[in-house]
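*Asks:* Could you build the full structure based on these sequences and the hints that come with them?
Each residue of the sequence shown is one higher than the last, beginning at 3 in my numbering.
Please keep in mind that the hints were generated in silico from the structure rather than gathered at the bench.
All figures in this text were calculated on a predicted structure; none of them were measured in a lab.
Do not rely on the hints blindly, as some may be mistaken.
[As the list claims (entries may be wrong)] Ranges of calculated distance between the beta carbons of each label pair, as one might list FRET restraints:
| id | residue 1 | residue 2 | range |
| --- | --- | --- | --- |
| 1 | Phe214 | Asp88 | 16 to 26 Å |
| 2 | Leu147 | Glu94 | 35 to 45 Å |
| 3 | Pro79 | Gly162 | 31 to 41 Å |
Every residue, glycine too, gets a C-beta built ideally from N, C-alpha and C.
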Amino acid sequence: MSLELHLELLSRRASFCTEGASGGRIYFESDVENGDNSYPFAGGNNTVEAASMELYPEYLNLPWFMADVGVVILEAPGVDWLDPGDYGVLPELNQFDVLKTKRGKQITDFTAVGYGLQRINPVFVEAEKVRMRSNPSLIQINGGLVGDFSLLLTNNASTGGTCFGDSGGPNFYGDTMVVAGVTSFGMNGNCAGTGGVFRMDRAGPLAWVSSFLN
Numbered sequence: 003m004s005l006e007l008h009l010e011l012l013s014r015r016a017s018f019c020t021e022g023a024s025g026g027r028i029y030f031e032s033d034v035e036n037g038d039n040s041y042p043f044a045g046g047n048n049t050v051e052a053a054s055m056e057l058y059p060e061y062l063n064l065p066w067f068m069a070d071v072g073v074v075i076l077e078a079p080g081v082d083w084l085d086p087g088d089y090g091v092l093p094e095l096n097q098f099d100v101l102k103t104k105r106g107k108q109i110t111d112f113t114a115v116g117y118g119l120q121r122i123n124p125v126f127v128e129a130e131k132v133r134m135r136s137n138p139s140l141i142q143i144n145g146g147l148v149g150d151f152s153l154l155l156t157n158n159a160s161t162g163g164t165c166f167g168d169s170g171g172p173n174f175y176g177d178t179m180v181v182a183g184v185t186s187f188g189m190n191g192n193c194a195g196t197g198g199v200f201r202m203d204r205a206g207p208l209a210w211v212s213s214f215l216n
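*Replies:* This is the structure in structure tokens:
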């Protein structure tokens, strides 16, 4: 899953999605397998090759889940949407800290988007290459398992959630285009319970991604 940010050239992904990659491409269709493209090969319609893939520098110094963001720079001309509202926007610095102390007065739902598995258990896997969305809710922030670097969101059958293959996809704040974070990790092999989202409102990742937009 990719999210265009600016100049139709940038795509943000989790760090481990870009680590060691020699090349890549982005498919811009909601149904990749049945769309008008050359999946999984290069070329074709609605497909843009990656010019380069950048790894968040702290990913090499910290545990991966504390630095889990990367940037894919697309080959020009990239993708041109006519409506500027189709673009995700970066959050303000430390924007989501308020959810720790004033949660009852704030939006605590998110919109997760991705192309990952729809279902997995010991005897069955559903893995259509179709873009889907869900509306997980906040479980934990600033403390416990997630420290100050991630959000812990719900993953369950009633609200939906993320699964393998959704990593790097955006988690928008409520129904806005503000990217609170990117899907980072799950807590078990069944994609159930809760999932971790690497925060984009922290100084390091926010400044690093912003540097590609200047």
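*Asks:* Can you let me know if the beta-carbon spacing of Phe214 and Asp88 is within 16 to 26 Å?
*Replies:* Holds, since Phe214 and Asp88 (Cβ atoms, about 19 Å apart) stay within the stated range.
*Asks:* Is 35 to 45 Å right for how far apart the beta carbons of Leu147 and Glu94 are?
*Replies:* This hint is violated: roughly 24 Å between Cβ atoms.
*Asks:* Could you say whether the range 31 to 41 Å given as a hint is met by the Cβ separation of Pro79 and Gly162?
*Replies:* Given range 31 to 41 Å: holds, Cβ gap about 34 Å.
The structure shown violates just one earlier hint, number 2.
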